[in-house]
Amino acid sequence: MASIAVSTTINGDEVDFICQPDESLLDVLRNRLGLMGAKEGCGTGDCGACSTMVDGRLVCSCLVLGAEVEGTKVETIEGMAEGGDLHPLQQKFIENAALQCGICTPGFLIAAKALLDQNPNPTETEIRFWLAGNLCRCTGYDKIVRAVQDAAAEMRGETA
Amino acid sequence: MSFDAAYHEKKLNSVGTRPLRPDGVDKVTGKARYGADFNVPGQLVARVLRSPHAHARIVNIDTSRAEAAKGVKAVVTAADFPDLTNGNAEMYAILDNCMARNKVMYDGHAVAAVAAIDAKSARDALRLIKVEYEVLPHVVDVDAAMLPDAPVLNDSVFTGGVEPTPTTPSNVCNRAEFGHGDVEAGFAKADVIIERSYKTEQTHQGYIEPHACVATCNKDGTAELWVCTQGHFVFRQNCADLLGLDASKLRVTSSEIGGGFGGKTHVWTEPVALALSRKAGRSVKLVMAREEVFRASGPTSATSIDVKLGATKDGKITAGLATLRYTGGPYPGMWAELGAMTSFACYDLENVKTVGFEVLVNRPKVAAYRAPSAPMAAFAVESAVDELAHKIGMDAVDFRIKNAAQEGSKSSYGPVYGPIGIGPTLDAAKTHAHMSAPLGPNQGRGMACGFWFNFGGQTSSNMNIGMDGTVSISVGTIDVGGSRASMALIAAEELGISYDDIKVVIGDTNTLGYNDMTDGSRGTFSSSMATVSAARNAIEVMRKRAAITWDIPEEDVYWEDGHAKAAGSKYGNLSPLSVAEIAAESGNTGGPIAGHSELIADGAGVSFATHICDVEVDPETGSTSVIRYTVIQDAGKAVHPDYVEGQYQGGAAQGIGWALNEEYIYGEDGRLQNAGFLDYRVPVCSDLPMIDTQILEIPNPNHPYGVRGVGETSIVPPLAAIANAVSNAVGVRMSHVPVSPPRILAALKAEANG
Amino acid sequence: MVEVTLWGGLRPLADNQQSVTIEAKTIREMLRKLAERYPGLSGPIKNDVAVAIDGVIFRDDWSQVIPPDAEVFLMRRLAGG
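Protein chains in written order, with our numbering: chain A, 1 to 160; chain B, 161 to 914; chain C, 915 to 995.
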């Protein structure tokens, strides 16, 4: 199969890459661009460990073809901290011990940020259902939900 | 140097606080490197060909077309793994499981592997391998496998533990019995007797990170392995033994681990990757797909258990009897034996007998899963305990309190207990607000207790004091859930310095003494003990250096609050020296300052928990929601309480998944039908409520800070706690886990039909 | 003297005794003398045993001193997750 040349924007930077027509965005990020923050937990869109934003939409990058991101804006976990300053969600995940092994954490952070971008004050139920596409096997989700609630409150300016 | 591991109570500054974990930033920014996040220049990509049959003889494997294919650099089969196991049955089982030798024993069993220049070439090459199978009859169900006419998996297996040894082979590889007293006499004294059979289905540890490794085998006999594992030293030894390598020349580096729960205590693909690398002369990366993880790595046992329990009207259990049958996959294990040992461990019984049968079936080789074998046994026994309490009209907590084991009780597995924590967890449950909260329609409350042994093992720790007084520590137990933070807290406490001045890493196999795996809830217990010992050795060195600096006798220097101090009024004008001050002078007082420790951490002490849960069952759909959940467990001492709570919550969540949804589903053809997270449904965020925790701290006398293992026990009670809650909600006893909607509806229907 | 109780699986290897009395100060001495008296036990002792002393389970530390009148129990070496 002939490779496809793709021009896109990743975390604000213009990026060109080539990929095979059947290559997933996840494989492109990890194997061609060295962005290994998105993880492959299943390869079938069930675990959310590869969560990525494409044009403001939350996707499982294992279900998106690399060729599909031509002309789009892609956001990955590597772009979440600005200039080394952690995003409030990242900070609150650490403070709340919302990770144990941490393999699911990049996906949870991307998904949680997508939620707060459109709903700055979600209820616990809204958080739980929004994050239902991200599997965590270590925490029982308790501290993850609390971290998202804490970060949301801080981003609304309700805490110091 | 001698080391006093005994617990001494003291005022704590660091231990018990909740600082930020040292690997947090790497893990929230995507920088942390897990198994699949590592590459070496020129590496090949490997894929494994797996059996589509549950049971078949391998008549022939023709790899010639695959070997000739473009981009393929090596193909291996069992022929590339000569048997070096020297009669060691356990190692032979691992070898056969890594690559099937004469027969495939389950759907997904590896038969060949390819290393090629890229994934596509490797995948394509698998299709060119021709395997000729002679399909054999199979059996996957534990009870069916025990029937006299069941297909026999291994005709060299004769049931052990029975006299005389049978003369015909069977799938029952061992019988083990535990207990004391006279159960028949005990039942004769009972006013009420409960007798019931239970089943639990096979579940998977379900770690989100699939197994992954990068292997490099060089012609000079040296080799390297990067791998996600719960025990890199054990992986090194296993791989070296199976492949005939020198252990010390095989350097194994552990990646960050994306969950293990027992499933990464076992080599699966690592020897295969090393063999491919040896054959190809190139590095080889091998990552399992999720489907392979389900089909061919570590599930737990499926079980069938009978329990008979008798009590007097006033609530004293007179006898307990359990017969437990556990699948081990196609190879002998000790899973039923563990179940038999743990089943009645929470109770003080005069008459108790448990019998465990290890059963071979055409399912993947069972691996440990968090307190292995205990949750199923607890499900059966705790269900019976609940039912018996109801039947004699006694509160379920009071009934358990009345029969709980205590110091001096003879445990059901043999020894007499020292001080133990089952009573305190039950007392805490009794007074917990959850116990008296009102319930709504279709809701039910359940509770259950759980037990696990916990253990320690061989452990090493190196501590190096930098010239600026900051400290680096290497330990050799994999950090599965925040233990690096706990090590730093312990070291800060011992040295009297700040948590922030300590950096903890996991050493590779060639930079540290041997370490057993992170299993048996031993990570923090063992490595913190070795770290305390290393710190005390470093303090000895620093005392000497202070004496040299002051030019006074060493015995006049003592250590207190993170400083060397001169004893006695004659040194009144010597101000204490801090770690940083001593370190700054180290270049002229004798060189680098370090402390190291290699020890056996033993005496971990048994662990108990009590869980309470409320569920709501939809009578139309049979769907169950967990609406409230409380975990009460003894930690000995919570070094970093956040991560102790995390272990409690995580274990509870896994147990809830097991209780309500998770199960391996096999077709008539013996093939696994749900090898993915869509159909094998682990709990998601919207399935669970907040999980409340209560940490009890009853110090373990065999650890300097009283630490006990906390990782495993929390998965033991949930199966029974949920099943009891559902049974109480629907008014029908649920005896088959998971209590999924179809099983609940079937039970309701059967009840309605009388 | 230490009275060592054997788990069921070991008893056929030790003349079907449920417990054996041995003069030993440490776990190591006890295991060595057990294997001397009942050679059939050497295999399991090498690979498969743990020792409970007064309820505390030891899997590796064979230097552990056995206190007088301690309850000593030979158990299967456990696996964990």
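Hints are not guaranteed to be accurate.
Each computed DSSO-like pair below joins lysine-lysine, with the alpha-carbon atoms no more than 30 Å apart [unchecked claim]:
(1) Lys551/B to Lys570/B
(2) Lys939/C to Lys960/C
(3) Lys170/B to Lys349/B
(4) Lys939/C to Lys570/B
(5) Lys349/B to Lys947/C
(6) Lys171/B to Lys562/B
(7) Lys359/B to Lys562/B
(8) Lys379/B to Lys468/B
(9) Lys73/A to Lys468/B
(10) Lys409/B to Lys960/C
(11) Lys290/B to Lys349/B
(12) Lys730/B to Lys704/B
(13) Lys191/B to Lys73/A
(14) Lys570/B to Lys468/B
(15) Lys947/C to Lys570/B
(16) Lys170/B to Lys704/B
A few chain A positions that, by computed beta-carbon distances, are all more than 12 Å from chain B [stated by the list, open to error]:
(17) Asp27
(18) Ala38
(19) Glu40
(20) Ala49
(21) Gly56
(22) Ala67
(23) Thr72
(24) Leu89
(25) Glu95
(26) Gln100
(27) Gln118
(28) Asn121
(29) Glu126
(30) Cys136
(31) Glu154
I should point out that these hints are in silico values taken from the structure, not numbers from a laboratory. Glycine residues also receive a C-beta, built at the ideal position from the N, C-alpha and C atoms.
Which earlier hints can't be squared with this structure? 3, 5, 6, 8, 9, 11, 17, 18, 19, 20, 24, 25, 26, 29, 30
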